[in-house]
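Position chain B against the provided structure of chain A, taking the given hints into account.
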Amino acid sequence: MKRKSKQLKWNRKHLLGLRELSAEEIGYILDTAVGFEQISTRSVKKAPPLRGKVVVNLFFEDSTRTRTSFALAANRLSADIIEFTKKASSVSKGETLLDTARNLEAMGIDIVVVRHSAGGASRLLSRNINACVVNAGDGYCEHPTQGLLDVYTIRKIKGTLEGLKIAIVGDVAHSRVARSDMWAMTKLGAEVTFVGPPTLMPAQVERLPVKVSYCLDEVIDKVDVINMLRIQFERLGGNPFPSIREYSHYFGLTAERMKRAKSDILVMHPGPINRGLEIESEVADGRNSVILEQVTNGLAVRMAVLFLVNQAAAQRIDY
Amino acid sequence: MNSGLLIKNGRVIDPANGIDKKCDVSIVEGIIAEVREKIADRGRGDCNFTVVDASGKLVVPGLIDIHVHFREPGDEEEETIASGSAAAVAAGFTSVVCMPNTNPVIQCETDVEYVHRKARQARKTHVYTMGAITKGLEGVELAEMGFMAQAGAVGFTDDGRGVQDPAVMLRALKYATMFDVVIAQHCQDDRIAGKGVMNSGYQSTILGLPGIDPLAEEAILWRDIQLIKKAKVRYHAQHISTAGSVELIRAAKNDGPPMTCEVAPHHLLLTEECCGEYDTNFKVNPPLRGQKDIDALKQAIADGLVDALASDHAPHLQSEKELEFLAAPFGIASLECALGLYVKALIEPGILDWPGLIHLMTEKPAKVIGIDKGTLGIGKQADVTIINPNAEYKIDVSKFRSKSRNCPYHNWVVKGRVERTIVGGEMRFEA
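Chains as they are written, first to last, in the working numbering: chain A, 1 to 319; chain B, 1 to 431.
Be a bit skeptical, because a hint or two may be false.
[Stated by the list, open to error] In silico EDC-like cross-links for lysine to aspartate or glutamate, where the CA-CA straight-line distance does not exceed 20 Å:
#1 A:K262 <-> A:D217
#2 B:K195 <-> A:E234
#3 B:K321 <-> B:E273
#4 B:K292 <-> A:E206
#5 A:K87 <-> B:E322
#6 B:K135 <-> B:D189
#7 A:K222 <-> A:E191
#8 A:K165 <-> A:D217
#9 A:K86 <-> B:E322
#10 B:K321 <-> A:D217
#11 A:K87 <-> B:E320
#12 B:K321 <-> A:E95
[Unchecked claim] Label pairs and their calculated CB-CB ranges:
#13 B:G152 <-> A:T199: 46 to 54 Å
#14 A:D221 <-> B:G136: 55 to 63 Å
#15 A:Q38 <-> B:Q291: 49 to 57 Å
#16 A:E24 <-> B:G136: 52 to 60 Å
#17 B:D396 <-> A:T85: 39 to 47 Å
#18 B:E430 <-> A:S63: 58 to 66 Å
#19 B:Q291 <-> A:D221: 36 to 44 Å
It is worth saying that the hints were derived from the structure and are not from the lab.
No residue lacks a Cβ here, since even glycine has one placed at the ideal position from N, Cα and C.
Bound-form chain A, shown alone (with noise of 0.2 Å):
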């Protein structure tokens, strides 16, 4: 399973998203991560790579597991952490973002974790300051390290995403997850196809890199990872679908419909769960969930993420 790419030297100073990586890029964030995972299985959990680093983490938007897991991962790797959470404003009174970002390298900060409602934030960020910057999710645009830990994940247990069917389910249209999913599954060889109802996919959906379906039934069987996406009621606007028991009837994924599913089919969530809207407590809590899981590599998929980064900085080559 460990596979070290060769050839390949990372010199991304920046992880913005997935969509601009290459799958050797994405493999070798993976192979990183695997030396990491064995750091939190020690009786001292702790390296040193990031002593003397600061890493500051930005948050606009609410969020424990992600910002907790960074906060780990950077304790993990001996770096100082900050925490800086703040509620985004649309409006464009008071400090602005780059203004924040600026006074925080101003002390000196080495990588910034940023989350921020509006899609492309961490992309501004990075033209206009020094740090690096590691994007934690922005708007609906990527999520990087929620799609990496993802495919670490199916990689650890079926060895390789080459050939395999993965669905995602559910608001496609405003999640990031569904996204950094689609480039990093697609570009490491999975056939990926969104289900959910037409009111929740992304305009133009046809010429993403994916298949769409909008009947889970017609697709459960046929898979061999199965992706359920959060419903985020504060991003849908409007009323796209007519209520939570339809939405349930036809995208849940119940204990009912999983048994039409081949026996080893994984079952993932980026959390939190809603139990019983998206997908019922026996399925999430169930022998095929590897919700747990995706939370404990997703910790080791960041040390590999802040570790290479630093490391491009450090070699002082710009991307």
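Frame of chain A; chain B shown alone:
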């Protein structure tokens, strides 16, 4: 002793009078006196001409831009009527029409008079203004169109927004038939557009930004074409941007109620792909669309369906354009390089020749807003622009007279440099 101006040996293009030939233009007391070959340096009576040699240059009626935002009153840090006017004459425009979405909104006669007073003080270009259709641009109650028209407003629009309620729009159209004005619409259905910040499509999907479907524009345009069948008023669709809109206008102009429309340079030159790096200088409303929309707009221009080229000059502060793409304001500041952009979009690919382009920048827009301008007719006020059609230059936003720099064309090389701008017989700009 009277003084006058004699522009010699230029290629005089005056589409309104069917003139396109090498000849001279004389101006006496601010009025076009003669347009013919070989006018003597010493004029009739005791008039002494100042002679301008225009050999190799185009001598055209002063250019007209019927869609600019000069931000005054309210946002003078972005633009003022003085800075905008200076930019206008430097770009060859002798008449511009300001949009009323200032702060406060231009919605009563004193607001209109304020714009005119600031323009007189600036003493650069003729500045006209439209007034709001509805109070506060809120789309509910009609603004005082009559008083504003009396004060000189050339038309009405809620530009920046569309009038959403069809009953309100119908009322506005009917009411306006009392006056000789144009009702101009920013065609956008807010419910379809939602919180969109760019065109809805593949690009918005991969950038994770909310999109504005072309239908938002087309639905309102279609609706308005139905409404104007009920009200005989001049109706003008502002900055149309989609292939679907072109088809609606083609049908209306073929077999429907009279209407006019305008196209902005960015909708002829830039596509939604330009937003790929989240550069907010490409954030504009209506948004940049696809290549097929550009092709359709160019075809519409070639087919004579478009009545005006209008920059939709929308200056914004650097600090605002530095925000996230989601939060930054819509708008491109392009007045100062507009002519070169039209040359690149329309003349270089052979869609229009120079007379065709000048027609869409002079007489035709003048007719849209109902002003007696845009020609070099004898006895008309002497607004004249002299253009070097072959001079290439690099657009440099740092040299803009406009206060704002939110222009995505920085460092573009364009052709067609404005050499002189004469407004009311006075030389207001010399390159």
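Structure-based check of each hint:
1. A:K262 <-> A:D217: Roughly 13 Å between the alpha carbons, so the hint for K262 of chain A and D217 of chain A holds.
2. B:K195 <-> A:E234: 14 Å, holds
3. B:K321 <-> B:E273: At roughly 18 Å apart (the allowed maximum being 20 Å), E273 of chain B and K321 of chain B satisfy the hint.
4. B:K292 <-> A:E206: Given pair K292 of chain B, E206 of chain A holds - Cα atoms ~18 Å apart, limit 20 Å.
5. A:K87 <-> B:E322: 19 Å, holds
6. B:K135 <-> B:D189: Holds: K135 of chain B and D189 of chain B sit about 19 Å apart, inside 20 Å.
7. A:K222 <-> A:E191: 11 Å, holds
8. A:K165 <-> A:D217: Given pair K165 of chain A, D217 of chain A holds - Cα atoms ~15 Å apart, limit 20 Å.
9. A:K86 <-> B:E322: Holds: K86 of chain A and E322 of chain B sit about 19 Å apart, inside 20 Å.
10. B:K321 <-> A:D217: 46 Å, violated
11. A:K87 <-> B:E320: With Cα atoms ~19 Å apart, K87 of chain A and E320 of chain B stay inside 20 Å; holds.
12. B:K321 <-> A:E95: 14 Å, holds
13. B:G152 <-> A:T199: 46 to 54 Å: 48 Å, holds
14. A:D221 <-> B:G136: 55 to 63 Å: 58 Å, holds
15. A:Q38 <-> B:Q291: 49 to 57 Å: With a Cβ separation near 52 Å, Q38 of chain A and Q291 of chain B satisfy 49 to 57 Å, so the hint holds.
16. A:E24 <-> B:G136: 52 to 60 Å: 57 Å, holds
17. B:D396 <-> A:T85: 39 to 47 Å: Since the Cβ atoms of D396 of chain B and T85 of chain A sit about 42 Å apart, the hinted range of 39 to 47 Å holds.
18. B:E430 <-> A:S63: 58 to 66 Å: 60 Å, holds
19. B:Q291 <-> A:D221: 36 to 44 Å: 41 Å, holds
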